[in-house]
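**Q** Build the full structure now, drawing on both the sequences and the hints.
First residue of the sequence shown: 1224, per the working numbering; consecutive thereafter.
Keep in mind that the hints were calculated from the coordinates and are not lab data. Please note: incorrect hints may appear among the correct ones.
[To be verified] Ranges between beta-carbon positions, derived for each pair:
id: 1; residue 1: Phe1317; residue 2: Val1262; range: 34 to 44 Å
id: 2; residue 1: Lys1330; residue 2: Lys1263; range: 32 to 42 Å
id: 3; residue 1: Leu1301; residue 2: Phe1226; range: 17 to 27 Å
id: 4; residue 1: Glu1327; residue 2: Gly1261; range: 32 to 42 Å
id: 5; residue 1: Gln1246; residue 2: Phe1332; range: 33 to 43 Å
id: 6; residue 1: Met1264; residue 2: Arg1328; range: 32 to 42 Å
id: 7; residue 1: Ala1237; residue 2: Thr1266; range: 18 to 28 Å
[Unchecked claim] Computed cross-link-like contacts, BS3-like style, restricted to lysine-lysine with a CA-CA straight-line distance of at most 30 Å:
id: 8; residue 1: Lys1307; residue 2: Lys1318
id: 9; residue 1: Lys1307; residue 2: Lys1227
id: 10; residue 1: Lys1329; residue 2: Lys1231
id: 11; residue 1: Lys1318; residue 2: Lys1330
id: 12; residue 1: Lys1272; residue 2: Lys1307
id: 13; residue 1: Lys1318; residue 2: Lys1227
id: 14; residue 1: Lys1330; residue 2: Lys1307
id: 15; residue 1: Lys1242; residue 2: Lys1263
id: 16; residue 1: Lys1235; residue 2: Lys1272
id: 17; residue 1: Lys1326; residue 2: Lys1231
id: 18; residue 1: Lys1271; residue 2: Lys1307
id: 19; residue 1: Lys1307; residue 2: Lys1231
id: 20; residue 1: Lys1307; residue 2: Lys1235
id: 21; residue 1: Lys1272; residue 2: Lys1231
id: 22; residue 1: Lys1318; residue 2: Lys1329
id: 23; residue 1: Lys1271; residue 2: Lys1242
id: 24; residue 1: Lys1231; residue 2: Lys1242
id: 25; residue 1: Lys1227; residue 2: Lys1271
id: 26; residue 1: Lys1272; residue 2: Lys1318
id: 27; residue 1: Lys1231; residue 2: Lys1318
id: 28; residue 1: Lys1326; residue 2: Lys1307
id: 29; residue 1: Lys1227; residue 2: Lys1329
id: 30; residue 1: Lys1242; residue 2: Lys1227
id: 31; residue 1: Lys1272; residue 2: Lys1242
id: 32; residue 1: Lys1235; residue 2: Lys1271
id: 33; residue 1: Lys1326; residue 2: Lys1227
id: 34; residue 1: Lys1235; residue 2: Lys1326
id: 35; residue 1: Lys1329; residue 2: Lys1235
id: 36; residue 1: Lys1318; residue 2: Lys1235
id: 37; residue 1: Lys1307; residue 2: Lys1242
id: 38; residue 1: Lys1318; residue 2: Lys1242
id: 39; residue 1: Lys1263; residue 2: Lys1235
id: 40; residue 1: Lys1326; residue 2: Lys1272
Beta carbons: idealized from backbone N, C-alpha and C, even for Gly.
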Amino acid sequence: MEFKDRLKDLRKQANLTQKEVAQELGISQPAYGAWERGVKMPTHENSKKLANLFNVSLDDLLGNVKEDEIDLSEVELLFRTTSKGMTEEEQAVFKDELIQFMKERKKLFDED
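**A** Put into structure tokens, the structure is as follows:
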């Protein structure tokens, strides 16, 4: 998946508008929109802010995931829908546990 598509998917999963994301990052909506259209790419600093905003790793945001790894979109969806109200520390532990669970699940189903 291309970066622009990944960015749009993450924004929609978070139920945010382009304007809301732009405000969170301290940039204009047209600047953010250019990223989603693939016209421009965010700086490294803005990429880190995006990853933080969407609760994903920088590698995942940029699409640097090996094909044989688990589909993190399932983990992200589960994480976003169940981690509200948790502290940052609880969220970090919970996300790690979800990833581990999904890896084990993948092993089980891939062996069949």
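**Q** Would the pair Lys1235 and Lys1326 pass a check requiring their Cα atoms to be no farther apart than 30 Å?
**A** Holds. Lys1235 to Lys1326 sits at ~25 Å (cutoff 30 Å).
**Q** Taken at face value, is the distance from the CA of Lys1271 to the CA of Lys1227 at most 30 Å?
**A** holds, 15 Å
**Q** Check the hint pairing Lys1326 with Lys1307 against an upper bound of 30 Å on the C-alpha distance.
**A** holds, 23 Å
**Q** Look at the Cβ atoms of Met1264 and Arg1328 and judge whether their distance stays inside 32 to 42 Å.
**A** holds, 34 Å
**Q** Between the alpha carbons of Lys1329 and Lys1231, is the straight-line distance 30 Å or under?
**A** With a Cα-Cα distance of about 26 Å, the restraint between Lys1329 and Lys1231 holds, given a limit of 30 Å.
**Q** Verify the proposed pairing of Lys1326 with Lys1272, using a straight-line Cα cut of 30 Å.
**A** OK: Lys1326 and Lys1272 at ~27 Å, within 30 Å.
**Q** Given the hint that Lys1330 pairs with Lys1307, does the C-alpha gap stay at or below 30 Å?
**A** Judged against 30 Å, a Cα distance of about 29 Å means the pair holds.
**Q** Between Lys1326 and Lys1227, does the CA-CA distance stay at or below 30 Å?
**A** holds, 27 Å
**Q** Quick one: are Leu1301 and Phe1226 within 17 to 27 Å, going by C-beta?
**A** holds, 23 Å
**Q** With a cut-off of 30 Å on the C-alpha distance, tell me whether Lys1272 and Lys1231 pass.
**A** holds, 15 Å
**Q** Given the hinted pair Lys1307 and Lys1318, is their alpha-carbon gap at most 30 Å?
**A** Judged against 30 Å, a Cα distance of about 12 Å means the pair holds.
**Q** Holds or violated: are the alpha carbons of Lys1231 and Lys1242 at most 30 Å from each other?
**A** holds, 13 Å
Hint compliance for this structure: no hint is broken.
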